[in-house]
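K.L.:
Protein chains in written order, with this note's numbering: chain A, 21 to 330; chain B, 13 to 438.
No lab work stands behind these hints: they were computed from the structure.
None of the values given here were measured: they were computed from a predicted structure.
Here a beta-carbon is modelled for each residue, glycine too, at the ideal position from N, C-alpha and C.
There may be inaccurate statements among the hints.
From chain B, some residues computed to sit far from chain A (all C-beta separations above 10 Å) [unchecked claim]:
no., residue
1, 19
2, 25
3, 81
4, 178
5, 202
6, 209
7, 224
8, 230
9, 416
Now the in silico label distances, taken between C-beta atoms and shown as ranges [stated by the list, open to error]:
no., chain 1, residue 1, chain 2, residue 2, range
10, A, 127, B, 49, 56 to 66 Å
11, A, 115, B, 292, 45 to 55 Å
12, A, 72, B, 122, 54 to 64 Å
13, B, 352, A, 216, 28 to 38 Å
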Amino acid sequence: MNRHLLSASDLSLEDATLILDTAAEMATVKDRTVKKLPTLRGRTVVNLFFEDSTRTKTSFELAAKRLSADVINFAAKGSSVSKGETLKDTALTLEAMGTDAVVIRHSWSGAPVNLARIVRGSVVNAGDGTHEHPTQALLDAYTMREKLGRLEGLKVTIVGDILHSRVARSNVLLLRTLGADVTLVAPPTLLPVGVDAWPAEVSYDLDAVLPKSDVVMMLRVQRERMGAAYFPSAREYSRRYGLDVDRVRNLQDHAIVMHPGPMVRGMEIASEVADGLRSTIQDQVSNGVSVRMAVLYLLLGGSQSAIGSE
Amino acid sequence: MRWVIKNVTLYGEGEPVDVALDDGVIAEIGPGLPGDEVLDATGCVLLPGFVDLHTHLREPGREDAETVDTGTQAAAAGGFTAVHAMANTTPVADTAGVVEQVWRLGQEHGRCDVFPVGAVTVGLEGKEMAELGTMADSAARVRVFSDDGKCVSDASLMRRALEYVKAFDGVIAQHAQEPRLTDGAQMNEGVNSSMLGLTGWPAVAEEAIIARDCLLAAHVGGRLHVCHLSTAGSVELIRWAKGKGWDVTAEVTPHHLFLTDDACCGYDPTFKVNPPLRTQADVDAVREGLADGTIDAVATDHAPHALEDKETEWGAAAMGMTGLETALGVVARTMVETGRLTWRQVAERMSETPARIGRLEGHGRPLAVGEPANVVVVDPAARWVVDPAAMASRSRNTPFAGEHLPARVRATFLRGTLTAREGKPT
């Protein structure tokens, strides 16, 4: 494995499989009375969040704490960063304090790549702009494998604002590595120019793709996109690309419905579907902790067995 | 002092000769000439001093990035004897006062003539026309007007500017960028931007403005110059406009001749520039356009930036790269060594034509007795490695660091005075 996890493309098939297998071991910890492993005792993990994200930050924090690492939450808002301090200075400060890993969330694409050039420790990309969110893709893959028993040959349909989605980019890259077939569905305005070169199929017609899908992953569509004329109205978007009860009936029996959150209920996904039997949304959140434990453990080079006896 | 350049070929053609520079002019050309100072230029090529239509000297306002002093040192080191200083300074060069200040600074430092470009609109705001005539009549004798950095996007204002400058033989140098199509744009829109998650700057945003402006120039009989053309489609549009006989010229930067947007894949803001680096097909097209004369000139768009404006996240970083000291090497590598241009044609595209577009007297002149001694001695066989720390520019944001480039400036002379030697300012 590389020292950093900046992009899903950093992971070979072996790396990705190792992370998923390790995550499965980690998952057993949450069923124990004492939900804590001594694995990263004495190591320091910094959560460097330049952008609000309660769920991702909490997930990483919990993951690091379950491995007994010291965790520092560094929220950029209200800190010296908002007073004009640069990413470089923040990184150097953290470096001087001696941190082993930095988990970074940033509104600019590529910021984790820039950070990785400065710090000596490991950098984990927790979402950068409209670029990537590799641990989300890992937890999604973990959830698919858990629910459907395999990844190779799975037909995964990702629906929504592909243009602005870091989740979509990481999923396309990781799922290709893991042997799944991805189809992207969106109105043409929400697909990037250049998407033809991605390792994925593209369709504008959700109804044509649904019956063939093993997995349907719905992405959030921000209402403010309407102002920039990506589509005319929430109602029209919903009608053409929303996953409602009628559409779900066209899915195969085993097909699952995923969403990385946060959801806009009634926009891209109906409440009944989000809370329905096919929905894996809560599993994704729960699996997120295990996957992030695995990533931190493997990046920080834990040489001892990840799981000791209780 | 009388300089004699020994054993040099004029434009890289014919037998070597000696060239004597005295009293600011080319005094003699012939064999065995005596002089006070002698430069052995065996194997070298003599060209008229280069003329840059597009330089950012940053003074006044950002003297931490560049000054007229350091910028003209960089220019001399790169073989230039004249540069056009862009108007996007602080304050903006939109009045006679500012352009005269910049012009005088160039004269005082004396390494390279500085011809200020006047802003087309007040404060580069794109709303009211600046006092173009007053700048034209000033000591700075402005002939090139540009809001560079911003596009004169208002079609009516652009039309009036093209019309108005006819009175004093001016030219509008357009930074062709449709603003609504490039809101928040970070790099070329294409496969790489889609993967990198960076907002795209589509080729059509440049081409739509160029098409419009060519039609406007034709309609009013005005003179249009297109800055830093960067796409294959733009080359086609200029070819079309020239085919119509319209008074349209265009420039290309060395970086658009050399680099593609693959360079952006590591998020190193050194490669962030406006217009952005494009695709290999675009690079091929601008090389072909420069070779066949569709593109008239090479212009550096030398854009120095302080380290802190580049050492940051891609999205927060300033756009632009330095270019004065690497222009010759890049042109030699992409155009001469590939057989697309002769040295005679390099003289046209880096000196004679840009001087004519800028209506400069005394630059881009023939290498002949009695002409101003604004010349550059180029060693085409020399190879050198680009070292940002060794540059004369105050800024270090070259995209060519570590690149092995051919062709070295042996010496630059401004009106017979040595201004640079072996790629270093004197």
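K.L.:
Enumerate the violated hints, using their earlier numbering and listing them in ascending order.
P.N.:
5, 6, 11
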